[in-house]
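J.: All chains, full assembly: derive it from the sequences and hints.
Number of protein chains: 2
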Amino acid sequence: MAVQTVQNGTGANAAGTTVDLGPAAALSCRECGERFDLGPIFACASCFGPLEVAYDLPSGTPDELKKRIAAGPDNIWRYAPLLPVPADVASKPNINPGFTKLVKADNLARELGITGSLHVKDDSGNPTHSFKDRVVAIAVEAARAFGFTTLSCSSTGNLAGAVGAAAARAGFRSCVFIPHDLEQGKVVMAAVYGGDLVGIEGNYDDVNRFCSELIGDPLGEGWGFVNVNLRPYYGEGSKTLAYEICEQLGWRLPDQLVIPIASGSQLTKIDKGLQELIKLGLVEDKPYKIFGAQAKGCSPVSTAFKAGHDVVRPQKPDTIAKSLAIGNPADGPYVLDIARRTGGAVEDVDDEQIVDAIKLLARTEGIFAETAGGVTVGVTKKLIESGLLDPTLTTVVLNTGDGLKTLDAVAPTTGPTATIRPSLDAFRDAGLAAS
Amino acid sequence: MAVQTVQNGTGANAAGTTVDLGPAAALSCRECGERFDLGPIFACASCFGPLEVAYDLPSGTPDELKKRIAAGPDNIWRYAPLLPVPADVASKPNINPGFTKLVKADNLARELGITGSLHVKDDSGNPTHSFKDRVVAIAVEAARAFGFTTLSCSSTGNLAGAVGAAAARAGFRSCVFIPHDLEQGKVVMAAVYGGDLVGIEGNYDDVNRFCSELIGDPLGEGWGFVNVNLRPYYGEGSKTLAYEICEQLGWRLPDQLVIPIASGSQLTKIDKGLQELIKLGLVEDKPYKIFGAQAKGCSPVSTAFKAGHDVVRPQKPDTIAKSLAIGNPADGPYVLDIARRTGGAVEDVDDEQIVDAIKLLARTEGIFAETAGGVTVGVTKKLIESGLLDPTLTTVVLNTGDGLKTLDAVAPTTGPTATIRPSLDAFRDAGLAAS
Numbered sequence: 001m002a003v004q005t006v007q008n009g010t011g012a013n014a015a016g017t018t019v020d021l022g023p024a025a026a027l028s029c030r031e032c033g034e035r036f037d038l039g040p041i042f043a044c045a046s047c048f049g050p051l052e053v054a055y056d057l058p059s060g061t062p063d064e065l066k067k068r069i070a071a072g073p074d075n076i077w078r079y080a081p082l083l084p085v086p087a088d089v090a091s092k093p094n095i096n097p098g099f100t101k102l103v104k105a106d107n108l109a110r111e112l113g114i115t116g117s118l119h120v121k122d123d124s125g126n127p128t129h130s131f132k133d134r135v136v137a138i139a140v141e142a143a144r145a146f147g148f149t150t151l152s153c154s155s156t157g158n159l160a161g162a163v164g165a166a167a168a169r170a171g172f173r174s175c176v177f178i179p180h181d182l183e184q185g186k187v188v189m190a191a192v193y194g195g196d197l198v199g200i201e202g203n204y205d206d207v208n209r210f211c212s213e214l215i216g217d218p219l220g221e222g223w224g225f226v227n228v229n230l231r232p233y234y235g236e237g238s239k240t241l242a243y244e245i246c247e248q249l250g251w252r253l254p255d256q257l258v259i260p261i262a263s264g265s266q267l268t269k270i271d272k273g274l275q276e277l278i279k280l281g282l283v284e285d286k287p288y289k290i291f292g293a294q295a296k297g298c299s300p301v302s303t304a305f306k307a308g309h310d311v312v313r314p315q316k317p318d319t320i321a322k323s324l325a326i327g328n329p330a331d332g333p334y335v336l337d338i339a340r341r342t343g344g345a346v347e348d349v350d351d352e353q354i355v356d357a358i359k360l361l362a363r364t365e366g367i368f369a370e371t372a373g374g375v376t377v378g379v380t381k382k383l384i385e386s387g388l389l390d391p392t393l394t395t396v397v398l399n400t401g402d403g404l405k406t407l408d409a410v411a412p413t414t415g416p417t418a419t420i421r422p423s424l425d426a427f428r429d430a431g432l433a434a435s
Numbered sequence: 001m002a003v004q005t006v007q008n009g010t011g012a013n014a015a016g017t018t019v020d021l022g023p024a025a026a027l028s029c030r031e032c033g034e035r036f037d038l039g040p041i042f043a044c045a046s047c048f049g050p051l052e053v054a055y056d057l058p059s060g061t062p063d064e065l066k067k068r069i070a071a072g073p074d075n076i077w078r079y080a081p082l083l084p085v086p087a088d089v090a091s092k093p094n095i096n097p098g099f100t101k102l103v104k105a106d107n108l109a110r111e112l113g114i115t116g117s118l119h120v121k122d123d124s125g126n127p128t129h130s131f132k133d134r135v136v137a138i139a140v141e142a143a144r145a146f147g148f149t150t151l152s153c154s155s156t157g158n159l160a161g162a163v164g165a166a167a168a169r170a171g172f173r174s175c176v177f178i179p180h181d182l183e184q185g186k187v188v189m190a191a192v193y194g195g196d197l198v199g200i201e202g203n204y205d206d207v208n209r210f211c212s213e214l215i216g217d218p219l220g221e222g223w224g225f226v227n228v229n230l231r232p233y234y235g236e237g238s239k240t241l242a243y244e245i246c247e248q249l250g251w252r253l254p255d256q257l258v259i260p261i262a263s264g265s266q267l268t269k270i271d272k273g274l275q276e277l278i279k280l281g282l283v284e285d286k287p288y289k290i291f292g293a294q295a296k297g298c299s300p301v302s303t304a305f306k307a308g309h310d311v312v313r314p315q316k317p318d319t320i321a322k323s324l325a326i327g328n329p330a331d332g333p334y335v336l337d338i339a340r341r342t343g344g345a346v347e348d349v350d351d352e353q354i355v356d357a358i359k360l361l362a363r364t365e366g367i368f369a370e371t372a373g374g375v376t377v378g379v380t381k382k383l384i385e386s387g388l389l390d391p392t393l394t395t396v397v398l399n400t401g402d403g404l405k406t407l408d409a410v411a412p413t414t415g416p417t418a419t420i421r422p423s424l425d426a427f428r429d430a431g432l433a434a435s
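Order-wise, the sequence lines are chains P and D. So the first sequence is numbered by the UniProt record's numbering: it starts at 1 and just counts up by one. So the second sequence is numbered by the UniProt record's numbering: it starts at 1 and just counts up by one.
Accuracy of the hints is not assured; some may be wrong.
Said to hold, decoys possible - List time: in silico DSSO-like cross-link candidates among lysine-lysine, alpha-carbon distance up to 27 Å:
{"#": "1", "chain 1": "D", "residue 1": "K316", "chain 2": "P", "residue 2": "K104"}
{"#": "2", "chain 1": "P", "residue 1": "K186", "chain 2": "D", "residue 2": "K186"}
{"#": "3", "chain 1": "P", "residue 1": "K92", "chain 2": "P", "residue 2": "K66"}
{"#": "4", "chain 1": "D", "residue 1": "K316", "chain 2": "D", "residue 2": "K186"}
{"#": "5", "chain 1": "D", "residue 1": "K104", "chain 2": "P", "residue 2": "K67"}
{"#": "6", "chain 1": "D", "residue 1": "K67", "chain 2": "P", "residue 2": "K67"}
{"#": "7", "chain 1": "P", "residue 1": "K92", "chain 2": "D", "residue 2": "K104"}
{"#": "8", "chain 1": "D", "residue 1": "K272", "chain 2": "D", "residue 2": "K66"}
Just so you know, the hints here were simulated from the structure itself, not pulled from any lab data.
T.: Written as structure tokens, this is what we have:
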């Protein structure tokens, strides 16, 4: 197990104590490869490239490792040997997300003309009902290791709830920043866990700019911003989606995955997780294709993919898929690389197609997805129609959130079949009796 | 495995084929004990008492049965040998609820002065985020066995979503009846799964009366009303809460359970489940206490308990805990029996205490509960203060639903700590920086 001394000047663990984040050996720059000691840093000191966690992966045979995983808890901590967390992580208070259902979606497959097998990885089953619980849970352990006492983030939705809930349970103070004019429902979800919630007079960009200032100021001393100074650790949480999908398929790689793109981090980390499983011999080394899914109203990556560009040009988002509405996705270029390397693609669907896809998934599989789930299901349909996705193979589609959080998307077109007086005659006239 | 012929005249399986509901041997009257063949009937032909499922419980040693359960899926079907479902139930399309988290609630225990161990059984992790998925999943299998093609219910909330989702996935048509003036959010949750949703011009009582008429009419031919003509099977789903709690405690009985009361069915079935586990030798035969929890605005059972009555006098509900607002609870007298037999109690809390308890659970454990969860947590607090619940023992508190479905309860008192301009000065003035 790697134990590293925190670099001087990182602002954490000033006492110079050691940091135990299990198999995490160092941070390495994704651009130039330079390595840094584990610490709350996120950009390469040489080239400003993003940092990611490098591991000493566990030794032992694949069967031994599978047995070790199977003996673990029914949450992401079963994969502790592959994550930047201490070995005893499961005994610490945390929100314990993961091991959500991989639903075999035979009804949906039939409607889409898929003759292979189709599975929906349904992350609405997480504690606060989105995949954000995975990444926040890892950030919590990094914050603990670095001696932070406050967890923070800027958010307009899922992340605020995930941070609030995890901080409450793990014994951190939380202070979350939101635009001041959010809908009341979202404010309630962010505030109910009892941490501090600060409305910022401005839009989401203003909130982000303010948070960047705060990180560099003594006022933010001791604060872990889960998706800024803890981002290299936070991002690793998405690897657990890859691990779970393969384990739930009986330690087999799917042939095709359809993954939503916001910043693009989730897609790149799922690819990283699949590569690790191949390297460790937990799954067969065979090709798989990764497809990225965007909303047309915020489709910088799919636009670049279709144009054959390596650079992603920012867009101003205008879509009902708010949780994917990042106009300048940090990991966009890496997503393009992965889609091209694996033989996948990046596609987008418009708001009407998103709503149709949410309803399609609900009426075929009983899963009520967030708009992001409508994006992946809608894109899957489109990819089959265009011939890019092979309907005879094994495909996994991600639903990363819960429809209860985006009721507005379907409300205008979802209502009663009929409204009648309470009488059998009225019911007969409505034509709804059994045929 | 018991295979029974459906009674003539029950309206299902008119062809006289046999019904395989696994270990379910018969229906028996809870009042007079008379037995009936398995069928879609719910009241005793002799005394009109409620019918419940009688079992041929599995033979074999406790260790063999534990091993068989552990080898099952991570949902309620792992307990198929103890439920009215066929042995191959896990291979049929269903919503597969259960095996939700039993959260060790150390932070909440500390706040409540509990020195023993406190656990929250968090059923917000079910597919449609309430315990109703458990009972509906069993009703689906009964409906399949009896040849029904339409699933139905009257509902104002959780049940509508559970029926809609399960019917969609299991391949049934659904037709759910609601009062015509429900809030739009609840209508969306009921309608999104694509079944028929019928608004009835009237209140919830009118809806129920209409459904009773429909069951007796040819218009309702082939319809399974999950909580009426399938009620004996439906109710058994709540036993799985007992099984899971004990298995998750390492096959040990808790000393005390705090359970919400709507109709009272859930509480009586949890007791039935615990008794079965004792009988089968899966847990030690030792005393446990069952506490019932109501909202003061709908507290017919706690009122009767405190007055020492055996009869429950109906009340007109007026509480924010809508999912518990049954003024004339069918199983009220049985709840009184169980609370008295086990040495428990029935207590209630007012709306303000419910809201406080929702927030207490959220800020200590990161669990955002429905109002029903506020009722059980609030009652637990009150029972400790009054000395009826022993804080040195092992206690399990149920959260049966999700806070996202009852945002209105906490919205008026849950908001930002501060609203500021996006500047460090403004933030400093707000006094929220680290101390």
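J.: Now look at each hint and say whether the structure bears it out.
T.: Now the hints, each set against the structure:
{"no.": "1", "hint": "D:K316 to P:K104", "in the structure": "violated (45 Å)"}
{"no.": "2", "hint": "P:K186 to D:K186", "in the structure": "holds (17 Å)"}
{"no.": "3", "hint": "P:K92 to P:K66", "in the structure": "holds (23 Å)"}
{"no.": "4", "hint": "D:K316 to D:K186", "in the structure": "holds (22 Å)"}
{"no.": "5", "hint": "D:K104 to P:K67", "in the structure": "holds (26 Å)"}
{"no.": "6", "hint": "D:K67 to P:K67", "in the structure": "holds (17 Å)"}
{"no.": "7", "hint": "P:K92 to D:K104", "in the structure": "holds (11 Å)"}
{"no.": "8", "hint": "D:K272 to D:K66", "in the structure": "holds (18 Å)"}
In this structure, only the earlier hint numbered 1 is contradicted, and the remaining ones agree with it.
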